[in-house]
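> Generate the whole structure from the sequences, applying the supplied hints.
Number of protein chains: 2
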Amino acid sequence: MSRVIAIVGLGLIGGSLAKAISKYTDNKVWGIDNNPPVIDEALECNAIDRAIKPDELNNADIIFLCLYPDECVDFIIKNAAYLRKDAIVTDVCGVKASVVEKILPIAKEYGFEYLPGHPMAGKEKGGFYNSDSQLFKGASYIFTPCSCSQNTVNLLKTLALEIGFGRITITTPKEHDQMIAFTSQIPHILACAYMFSPRSEKHYGYSAGSYRDISRVADINENLWTQAFIQNRECLVKETDELIENLTILRDAVNNKDYLNLKALLKKGGDLKRRLG
Amino acid sequence: MSRVIAIVGLGLIGGSLAKAISKYTDNKVWGIDNNPPVIDEALECNAIDRAIKPDELNNADIIFLCLYPDECVDFIIKNAAYLRKDAIVTDVCGVKASVVEKILPIAKEYGFEYLPGHPMAGKEKGGFYNSDSQLFKGASYIFTPCSCSQNTVNLLKTLALEIGFGRITITTPKEHDQMIAFTSQIPHILACAYMFSPRSEKHYGYSAGSYRDISRVADINENLWTQAFIQNRECLVKETDELIENLTILRDAVNNKDYLNLKALLKKGGDLKRRLG
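Protein chains in written order, with my numbering: chain A, 1 to 277; chain B, 278 to 554.
Derived by calculation from the structure, the hints in this document are not laboratory data. In this text the structure is predicted, and so the values were computed from the model without any measurement. A virtual CB, placed ideally from N, CA and C, is assigned to each residue, including glycine. Among the clues, some could well be false.
[To be verified] Computed spacing ranges between beta-carbons, pair by pair:
(1) A:77 <-> B:533: 25 to 31 Å
(2) A:24 <-> B:449: 54 to 60 Å
(3) B:322 <-> A:137: 34 to 40 Å
(4) A:277 <-> B:311: 28 to 34 Å
[Claimed, not checked] One side of the interface only, derived from the structure: several residues of chain A facing chain B at Cβ under 8 Å:
(5) 188
(6) 197
(7) 205
(8) 220
(9) 237
(10) 242
(11) 259
[Unchecked claim] In the DMTMM-like style, the derived pairs of lysine to aspartate or glutamate whose C-alpha atoms are separated by at most 20 Å in a straight line are:
(12) A:268 <-> B:496
(13) A:125 <-> B:548
(14) B:355 <-> B:378
(15) A:257 <-> B:518
(16) B:545 <-> A:175
(17) B:534 <-> A:222
(18) A:263 <-> B:511
(19) A:257 <-> B:378
(20) A:123 <-> B:548
(21) B:540 <-> A:222
(22) B:545 <-> B:535
(23) A:257 <-> B:499
(24) A:202 <-> B:452
(25) B:300 <-> B:318
(26) A:202 <-> B:518
(27) B:515 <-> B:439
(28) A:238 <-> B:535
(29) A:238 <-> B:478
(30) B:540 <-> A:71
(31) B:544 <-> A:124
(32) B:515 <-> A:201
(33) B:515 <-> A:245
(34) A:257 <-> B:511
(35) A:238 <-> B:522
(36) B:545 <-> B:511
(37) A:268 <-> B:478
(38) B:479 <-> A:175
(39) B:545 <-> A:219
Shown next, in the form of structure tokens:
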């Protein structure tokens with residue numbers, strides 16, 4: 001059955017969703033974006049079938065909110081009245097609890113289905129021009145259902161698998177935010193802290209894969225990540241404190257020339273990595 | 278001019294050097310290893326032309342010490358008397374000052390040339406069976422000449438470029454150790470500290486490239502790295518303390534919901550990465 005899927009915000013994720021849905025499904029894709037050249041490009045390359053304004057959302061069956069967290073909430077506050085009662089709204093924000101607590105009451109008030117989601121894919125470079133129908137190949141799509149029906153969950157799961165995702169994770173917003181602080185936010189915090197070393201200026205000629213991998217995500221979009229970090233403040237601060245504590249344990253073992261303890265700690269890290277992948 | 282090059286220790290680096298020198302140059306490669314199956318395999322795949330015992334080293338023009346730092350020093354103490362006075366000895370240890378200060382007096386006493394070196398290449402999995410003639414493709418080779426002639430430096434530089442290295446860095450042991458604490462040792466310390474998070478157990482379904490890149494080198498050889506970390510204690514502790522300080526600055530900005538400061542910090546990290554690569 002062909003549906004109308006509206007993508008709000010044609011950046012890296014929205015653009016990639018539009019391209020993948022257009023390529024791999026027979027749904028119609030409509031796009032909303034403030035940036036006219038992006039709309040032109042999206043129409044040109046058949047990522048979207050139509051460019052619409054928010055007041056045309058009453059014809060959409062599924063709406064993907066592909067904006068920054070604060071902008072997703074603002075958009076829904078402003079445009080909830082246009083949505084049909086059987087419409088499904090999903091967002092792609094990298095933090096869930098803070099977004100869900102704002103959108104859920106609006107969903108209840110206006111009666112639309114809301115399924116919070118987080119497609120676990122990205123690139124260092126954002127924007128529609130870096131979007132790619134292959135971006136989601138094999139990636140995880142996390143959903144944190146709160147109030148919607150099982151039918152809605154099943155429908156979005158199926159769509160996710162159709163456009164290339166390799167795994168669906170169902171969890172709570174809180175569990176999502178704790179896990180994402182670890183798997184995604186800490187690596188970004190770390191990469192920035194790492195680049196602050198005075199030695200980064202001279203790395204060329206001394207660096208190889210280790211430097212490259214740890215510093216990769218320092219090439220960060222500071223607007224997006226400032227929002228994401230502060231909205232997930234509690235989980236991220238906890239995770240950072242634990243990391244600092246563990247770094248200090250290793251630092252002390254080195255400083256004390258404690259061979260036995262240091263070797264045991266490194267073996268523990270290695271065993272964890274080998275077991276958990 | 279064809280020389281006799283002896284490789285002491287046919288692990289990942291020694292094995293890869295043997296394979297690359299045999300493949301890309303017309304030098305003779307002799308191998309020393311305590312492990313008979315490794316010697317058999319190295320002869321079988323023509324990585325080495327001959328297996329020798331240390332007392333045959335008087336026929337070698339260049340000797341690569343491809344052992345752990347402590348073992349390099351032990352080997353030279355035990356076998357220096359076999360070396361010719363015009364022989365060139367180089368080691369491949371990832372720490373330099375602590376190794377150099379022990380080998381240099383022996384080189385002076387016995388009269389051989391000693392050029393400390395550090396080929397900046399590796400893999401998570403060690404051992405001859407993971408060695409590869411292509412391992413050094415485009416990598417940096419760092420040399421820290423202390424007492425040897427310019428001819429010796431030139432000879433090893435040329436050999437390094439012949440077997441695939443892309444760049445030669447000449448520096449002091451102290452500068453090397455400071456830079457390596459940053460580019461190589463900190464990523465390994467961090468990867469282990471990161472895996473210690475209770476969240477690592479549940480990462481599957483929540484993780485993507487960021488997790489993969491930061492945790493990659495946690496699959497560590499604890500015997501080798503315990504030696505390397507403690508031998509480079511001063512530089513590594515300094516670098517770790519600075520990292521913890523920078524992490525704390527970012528942590529505090531998140532904790533204080535200090536949008537402006539956090540955004541400025543992330544922009545600083547991003548700008549550094551974009552400028553320095």
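> Each hint: holds or not?
Comparing the hints with the structure gives:
Between residue 77 of chain A and residue 533 of chain B the Cβ separation comes to about 27 Å, which falls inside the hinted range of 25 to 31 Å. For residue 24 of chain A and residue 449 of chain B, the Cβ-Cβ distance of about 57 Å falls inside the hinted range of 54 to 60 Å, so the restraint holds. Restraint check, residue 322 of chain B to residue 137 of chain A: a C-beta distance of roughly 37 Å satisfies the suggested window 34 to 40 Å. Between residue 277 of chain A and residue 311 of chain B the Cβ separation comes to about 32 Å, which falls inside the hinted range of 28 to 34 Å.
With a least beta-carbon distance of about 7 Å to chain B, the hint placing residue 188 of chain A at the interface is held under the 8 Å criterion. Of the supplied interface hints, the one on residue 197 of chain A holds, with its beta-carbon coming within about 5 Å of a beta-carbon of chain B, less than 8 Å. Nearest Cβ of chain B to the Cβ of residue 205 of chain A: about 4 Å, under the 8 Å cut. The hint holds. Hint status for residue 220 of chain A relative to chain B: holds, with the closest Cβ pair at about 5 Å, below 8 Å.
Annotation: residue 237 of chain A was flagged as interfacial toward chain B, and the flag holds, the nearest CB pair being 5 Å apart, inside 8 Å. Because the smallest distance between the Cβ of residue 242 of chain A and any Cβ of chain B comes to about 6 Å, under 8 Å, the interface hint for this residue holds. Because the smallest distance between the Cβ of residue 259 of chain A and any Cβ of chain B comes to about 6 Å, under 8 Å, the interface hint for this residue holds. With a CA separation close to 10 Å, the supplied pair residue 268 of chain A and residue 496 of chain B stays within the 20 Å bound.
Distance restraint check for residue 125 of chain A and residue 548 of chain B: the Cα-Cα separation of roughly 13 Å lies within the 20 Å cut-off, and the hinted pair is therefore satisfied. For the suggested pair residue 355 of chain B and residue 378 of chain B, the alpha carbons sit about 17 Å apart, so the restraint of at most 20 Å is met. Among the hinted pairs, residue 257 of chain A with residue 518 of chain B is consistent with the structure: their alpha-carbon atoms are about 16 Å apart, no more than 20 Å. For the hint pairing residue 545 of chain B with residue 175 of chain A, the CA-to-CA distance comes to about 31 Å; that exceeds 20 Å, so the pair is violated.
Between the alpha carbons of residue 534 of chain B and residue 222 of chain A the distance comes to roughly 14 Å, so the proposed pair stays at or under 20 Å and holds. With a CA separation close to 18 Å, the supplied pair residue 263 of chain A and residue 511 of chain B stays within the 20 Å bound. Annotation: proposed proximity of residue 257 of chain A to residue 378 of chain B holds, straight-line Cα distance about 19 Å (limit 20 Å). Only pairs whose Cα atoms come within 20 Å are accepted, and residue 123 of chain A paired with residue 548 of chain B is accepted, the gap being roughly 17 Å.
Between residue 540 of chain B and residue 222 of chain A the alpha-carbon distance is near 5 Å, which keeps this suggested pair within the 20 Å criterion. For the hint pairing residue 545 of chain B with residue 535 of chain B, the CA-to-CA distance comes to about 15 Å; that is within 20 Å, so the pair holds. The suggested pairing of residue 257 of chain A with residue 499 of chain B holds, with an alpha-carbon distance near 14 Å, which does not exceed 20 Å. Our distance criterion of 20 Å between C-alpha atoms is met by residue 202 of chain A and residue 452 of chain B, whose separation comes to about 11 Å.
With a CA separation close to 16 Å, the supplied pair residue 300 of chain B and residue 318 of chain B stays within the 20 Å bound. Between the alpha carbons of residue 202 of chain A and residue 518 of chain B the distance comes to roughly 19 Å, so the proposed pair stays at or under 20 Å and holds. Between residue 515 of chain B and residue 439 of chain B, the direct Cα distance comes to roughly 36 Å. Violation of the 20 Å bound is thereby established for this hinted pair. Straight-line distance between C-alpha atoms of residue 238 of chain A and residue 535 of chain B comes to about 17 Å, which keeps the hinted pair within the 20 Å bound.
A hinted pair counts as satisfied when its Cα atoms are at most 20 Å apart, and residue 238 of chain A with residue 478 of chain B qualifies at roughly 17 Å. Between residue 540 of chain B and residue 71 of chain A the alpha-carbon distance is near 17 Å, which keeps this suggested pair within the 20 Å criterion. Taking the CA atoms of residue 544 of chain B and residue 124 of chain A, the gap is about 14 Å. The hint holds against a cut of 20 Å. For the given pair, residue 515 of chain B sits about 17 Å from residue 201 of chain A by alpha-carbon distance, which is consistent with the 20 Å threshold.
Distance restraint check for residue 515 of chain B and residue 245 of chain A: the Cα-Cα separation of roughly 16 Å lies within the 20 Å cut-off, and the hinted pair is therefore satisfied. Between residue 257 of chain A and residue 511 of chain B the alpha-carbon distance is near 11 Å, which keeps this suggested pair within the 20 Å criterion. A hinted pair counts as satisfied when its Cα atoms are at most 20 Å apart, and residue 238 of chain A with residue 522 of chain B qualifies at roughly 16 Å. Taking the CA atoms of residue 545 of chain B and residue 511 of chain B, the gap is near 27 Å; set against the 20 Å cutoff, the hint is violated.
Of the pairs offered as hints, the one joining residue 268 of chain A and residue 478 of chain B holds, with about 13 Å between alpha carbons and a cut-off of 20 Å not exceeded. Our distance criterion of 20 Å between C-alpha atoms is met by residue 479 of chain B and residue 175 of chain A, whose separation comes to about 11 Å. Taken as a hint, the residue 545 of chain B and residue 219 of chain A pair is honoured in the structure, with Cα atoms around 10 Å apart against an allowance of 20 Å.
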